[in-house]
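Peer 1: Each chain is listed here by its residues.
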Amino acid sequence: MNKLKVLVVDDEPGIRSGVSRILSRFTVDYPFMDEQISFEVLEAETGEIGLDIIDREPVDVVLLDNKLPGVQGIDMLETIRKKQPDAFITMITSHASLDVAVKATSIGAHDFVPKPFTPQELKSSLENITKHLFLKKMTRQLQKEGKQIRFQFLQVLSHELKAPINAIEGYLNMIVNKQFGDNISDYQEITERSLERLKGMRGLIMDLLDLTRFETGKNPSEPQEIDIRLLAQSAIDLHKPQAIQNDISIRLHIDCDVCIYGVPDELEIIFNNLLSNAVKYNKPNGKVDLYISCDDAAVTIVFRDTGMGIPESEMSNLFKEFFRIKTEETKGIQGSGLGLSIVKKIVDIYRGTIEVESTPGLGSVFTVQLPLSGKTTK
Amino acid sequence: MKKEKTTILVADDDADYLFQMRVMLENAGYEVLAADSQRMAEEIVEAVKPDLAILDLMMEKDDSGFILSYKIKKKYPEVPVILATAVSQETGISFGIDAEEDRSWIKADLYLEKGIRQDQLLLEIEKLLKR
Chain A
55 MNKLKVLVVD DEPGIRSGVS RILSRFTVDY PFMDEQISFE VLEAETGEIG LDIIDREPVD
115 VVLLDNKLPG VQGIDMLETI RKKQPDAFIT MITSHASLDV AVKATSIGAH DFVPKPFTPQ
175 ELKSSLENIT KHLFLKKMTR QLQKEGKQIR FQFLQVLSHE LKAPINAIEG YLNMIVNKQF
235 GDNISDYQEI TERSLERLKG MRGLIMDLLD LTRFETGKNP SEPQEIDIRL LAQSAIDLHK
295 PQAIQNDISI RLHIDCDVCI YGVPDELEII FNNLLSNAVK YNKPNGKVDL YISCDDAAVT
355 IVFRDTGMGI PESEMSNLFK EFFRIKTEET KGIQGSGLGL SIVKKIVDIY RGTIEVESTP
415 GLGSVFTVQL PLSGKTTK
Chain B
99 MKKEKTTILV ADDDADYLFQ MRVMLENAGY EVLAADSQRM AEEIVEAVKP DLAILDLMME
159 KDDSGFILSY KIKKKYPEVP VILATAVSQE TGISFGIDAE EDRSWIKADL YLEKGIRQDQ
219 LLLEIEKLLK R
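Protein chains in written order, with the numbering used here: chain A, 55 to 432; chain B, 99 to 229.
Rather than coming from a laboratory, the hints here were simulated on the basis of the structure. Watch out, some of these pointers could steer you wrong.
Said to hold, decoys possible - Here are the simulated DSS-like cross-link-like pairs (lysine-lysine), alpha carbons at most 27 angstroms apart as the crow flies:
no.: 1; chain 1: A; residue 1: 334; chain 2: B; residue 2: 172
no.: 2; chain 1: B; residue 1: 103; chain 2: B; residue 2: 228
no.: 3; chain 1: A; residue 1: 380; chain 2: B; residue 2: 172
no.: 4; chain 1: B; residue 1: 159; chain 2: A; residue 2: 253
no.: 5; chain 1: B; residue 1: 103; chain 2: A; residue 2: 232
no.: 6; chain 1: A; residue 1: 136; chain 2: A; residue 2: 216
no.: 7; chain 1: B; residue 1: 103; chain 2: A; residue 2: 201
no.: 8; chain 1: A; residue 1: 399; chain 2: B; residue 2: 172
no.: 9; chain 1: B; residue 1: 228; chain 2: A; residue 2: 337
To be verified - Here are a few chain B residues that sit away from chain A, every Cβ distance over 12 angstroms (derived from the structure):
no.: 10; residue: 130
no.: 11; residue: 154
no.: 12; residue: 155
no.: 13; residue: 156
no.: 14; residue: 160
no.: 15; residue: 164
no.: 16; residue: 173
Stated by the list, open to error - Not everything, but these chain A residues come out facing chain B in the computed CB check (under 10 angstroms):
no.: 17; residue: 244
no.: 18; residue: 248
no.: 19; residue: 385
no.: 20; residue: 386
C-beta: ideal position from N, C-alpha, C; glycine also.
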């Protein structure tokens, strides 16, 4: 929208040429708009000609005289609203009686300019109209984008939920149809696979709950001072069993005792998700090192693993919802694809930063920095 | 003389789905070539010509199935290709290839929802093989 089309409908040639002259040299720019707006004026000396133009091409603004030789301005309103609902209509009128004004507003006029008007009056009226149209357009665009994102999210979500359902249903059917005979132990493997898929689905649902909680801004608990050492230690304890199973050692290196102001659940999710990834995507006999250091302004938490690493090409998608790296090595690993997107959301809430360095085959380093002033927005 | 078995290539990165398809198709008397990735399917197609292919849409890439379908059709234009996906129609995404325009570039012969009943799927396979 860098040029607005203004249709002026008025039987007085002086008004039409005046509007054309004033607007031809007039531009509007607001600090919040990227571009300057200029105007193109279309003239109509009667209502009939005006309606012809409305029929033919889109206009952004209509300056409409009420007293016209044929069809009256006020009688054109309905047609204009029907044909071009987005057009902004300003009535020009010399005898602006309250009656006419009320009636005109009720059937679609947005504004009035008294006649005769000064160039400045016309300009300031168009300044307002421009702002109004711009904001309307932006709002509409944002709503559309929001809907689009929501829609994509639901599509992927339904895919992620249906895949395990299909798998489990398939196995159950095999059992019902006694596909492998009467011996119950022959069904051991497919039962275990079903349970594994159920576990994955449960994880996805838990992550989804986390996610919706941040999006709706509902806090599960009150913010408080939290000892970062305890937080780290409890996260490590939680992941010990899984780590032992895969012969992975987790070590904590902490050189400061500091409390951070925040919501326990949220900070736990940061630790749990990053630690869980470091264990999950590691190699047998691998290592996970958790470094915590502080200065006056911030606490820095580094999760370093000796895992499979992240290919350069996948880096840019890492924090996107439902994004999972699909390689030979990640094939057997369950994950919702939501963990890192949730971590990123929380880190943002705390006005912190998260960075990743990774070497495929050698490991990844996730560095989270949280300001000590605590969370400033919510 | 016994006729050689009909070979079906199944490509899907969901190990469970792949396993179930293999069991089902083998029980129905087909020989199954199972690939758990687009890459593996491509390797198989390089070496063997299947009689039919059933491809998952999303594997390493969101459009792995399309790419595979395109490559198979290029090498063996006469081999029927079925695209299977769990993305449901009710969410709006529909890869139905009934529209002429879609068929021209997607190349697959049939689009199927993954939850489809076994007997239905076998019927569709038979239909495509008879053509």
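Peer 1: Enumerate the violated hints, using their earlier numbering and listing them in ascending order.
Peer 2: Violated hints (numbers, rising): 1, 6, 7, 8, 9, 11, 12, 13, 14; every other hint is consistent with the structure.
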